[in-house]
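Number of protein chains: 2
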Amino acid sequence: MFMDKLIEKIMEKNNPIVVGLDPQTYLIPQCIIDQYSKEEEPMGEIFWQFNKAVIDAIGQRVPAVKLQIAFYEQWGIEGLKAYQKTIRYAEEKGLMVIGDIKRGDVFSTAQAYASAHLKGPFECHAVTVNPFMGRDSIEPFLSLCKSKEKGIFALVKTSNPSSGEIQNLVADHKPIYRHLAQRVEKWGQDTLGKYGYSAVGAVVAATYPKEAKELREEMPNTFFLVPGYGAQGGRAEDIIHSFDDRGLGAIVNSSRGILGAYMQHKGKEVTLEEFQQSVITATEKMKKELLQALKENNKYQVYTEEEHQKI
Amino acid sequence: MFMDKLIEKIMEKNNPIVVGLDPQTYLIPQCIIDQYSKEEEPMGEIFWQFNKAVIDAIGQRVPAVKLQIAFYEQWGIEGLKAYQKTIRYAEEKGLMVIGDIKRGDVFSTAQAYASAHLKGPFECHAVTVNPFMGRDSIEPFLSLCKSKEKGIFALVKTSNPSSGEIQNLVADHKPIYRHLAQRVEKWGQDTLGKYGYSAVGAVVAATYPKEAKELREEMPNTFFLVPGYGAQGGRAEDIIHSFDDRGLGAIVNSSRGILGAYMQHKGKEVTLEEFQQSVITATEKMKKELLQALKENNKYQVYTEEEHQKI
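Protein sequences appear in the order of chains V and S.
Residue numbers for the first sequence follow the numbering used here, so the first one is 1225 and each next one is one higher.
Residue numbers for the second sequence follow the numbering used here, so the first one is 1225 and each next one is one higher.
Keep in mind that the hints are not guaranteed to be accurate.
The list treats identical chains as interchangeable, and a pair is accepted whether it falls inside one copy or across any two copies.
[What the hints assert, rightly or not] DSSO-like, lysine-lysine: derived pairs with alpha carbons at most 30 Å apart: (1) Lys1343 x Lys1262; (2) Lys1343 x Lys1492; (3) Lys1437 x Lys1233; (4) Lys1490 x Lys1276; (5) Lys1398 x Lys1434; (6) Lys1523 x Lys1229; (7) Lys1229 x Lys1437; (8) Lys1492 x Lys1309.
If you're looking for bench data, these hints aren't it; they were derived computationally from the structure.
Go ahead and model the full structure; you've got the sequences and the hints to work with.
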């Protein structure tokens, strides 16, 4: 069951972080660009080598990676080959892999998307979905959650500045994000795992802490994927309400904050080793922030004291 | 300007139909499967030959084609190569090409999607977008509508059975689809073309005629892309309110209804020519239904009488 496996990886690594493998070109160290820019499919090769360097650096330290497919799609076929290759490599390294695809469409189309991303050419352990079209657009993904132990995270409250335009409109005394929350909680009902979370998670942003607190109460059996930490403005104290009393219930994503940390010190001219060290340092720093906030709020049960002393 | 060009193609062909190039495997005649199943990338080649046969049959008769990317994504790299090849071929044949991608994400991610689908490797004339995340998720697409004369169609009321779950919730005395409508109408404001329609269109389903009527009034400057005709249950009289008094304002999609018409008579065993003839016949039949309904409702101004006599 996907969510159980994700939770066990989080406990094994003592770390509720998912690293976003979003190879925007400005984030890529010059040494990688120089070395691979003469390949036949240069952007594909550069993306793949960049991702491999990141996975080799933090593969033992984090439970999961998330790939934003848009940054691969932007480079067409070669980008999508790098997407595929990265998924396979991350999986080989024992990481849980989340495809950030935010697809959502009518049933027969959703079947094609679910097939593409949960069992076919771009198979991940879990994907994000857009629930705007209602249950039948999610149904094919739900089927694979059950038959192939996959997971989904449905958008409920997104991290962007204009997310409230639709999501915060109030219908029947409740904002739309709470209407979505009730549906998402229900969609997962018959897939509850041993930690009390279903295979149907929710995307709940770090940038809206008030909403996140409401949503944690509204969705006790729904695991949260939390975007918006760091670069987008979310802080450790903002995401604390997304966790349950054990310190479970959420996995926090950082992409630019981890991948681009090296640029603050050295600019684009780093060695591969310096880049990887910077990725490790940024991940450890974020882990420390999160675990400290969890500890201060008595939500530290599943994390080891020993681990906490080390950081 | 995209919407002007689309409208002029509609008037040139006397036909407000967009054919959906959705190569679901069950729709593909056995003769195409047999001929290309030994290629190195068989599904890619089969999809491409299928689409080429359809475009060769109806390229002179319709203004536009719409490609549902999910059915290509399902087959991975080879599927997406067929997607690219089909876009280029349709464009060469003078058709307007709409990528049905329904993407929607935070600004930086939306930039990558807009780049992929309105100027990069998968460049179309227009794409569908999901507006659930609000204006900043649409902004990068809007920029390309202006700088590269592209178009978008934002989901407002979708054709699927559960579309009402979120879209029909009532906030401030108005259903969500009308809140979306007001935003979409506004997003297009500074791109009005000579026929009174902006570069920002809306997806408004044939399967919800009451809502479509409200939406036509709410969005006088927004062109509609109308899914759900035929196979999904929408009829000519259901879509009549989506048109303005001239007979403009909407383009009606059919995919399965046109591509799969041959199966009702002959099953999968047809010659390529029989398949193409069936595609033509189904397209002409649908055109006749639409033009007759438009004529009966005095919305026939832009279509020629001569053309109507012929059908």
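Each hint, compared with the structure:
1. In this assembly of identical chains, Lys1343 and Lys1262 lie within 30 Å of each other by CA distance solely across copies; the values are 24 Å between and 33 Å within a copy.
2. Within a single copy, Lys1343 and Lys1492 get their C-alpha atoms only as close as 37 Å, which misses the 30 Å cut-off; across copies the closest is 27 Å, which meets it.
3. Only within a single protomer do Lys1437 and Lys1233 lie at most 30 Å apart by alpha-carbon distance; the minimum there is 25 Å, versus 52 Å between protomers.
4. Within a single copy, Lys1490 and Lys1276 get their C-alpha atoms as close as 21 Å, which meets the 30 Å cut-off; across copies the closest is 52 Å, which misses it.
5. Taking the shortest Cα distances, Lys1398 and Lys1434 sit within 30 Å of each other both inside one copy (14 Å) and across copies (26 Å).
6. Taking CA atoms no more than 30 Å apart as the test, Lys1523 paired with Lys1229 passes inside one copy only; the shortest distance there is 20 Å, against 59 Å between copies.
7. In this assembly of identical chains, the alpha carbons of Lys1229 and Lys1437 lie at most 30 Å apart only when taken from the same copy (25 Å versus 49 Å across copies).
8. Proximity of Lys1492 and Lys1309 under a CA criterion of 30 Å is satisfied intra-copy only: 25 Å inside one chain copy versus 37 Å between copies.
Every hint from the earlier list agrees with this structure, and none is contradicted.
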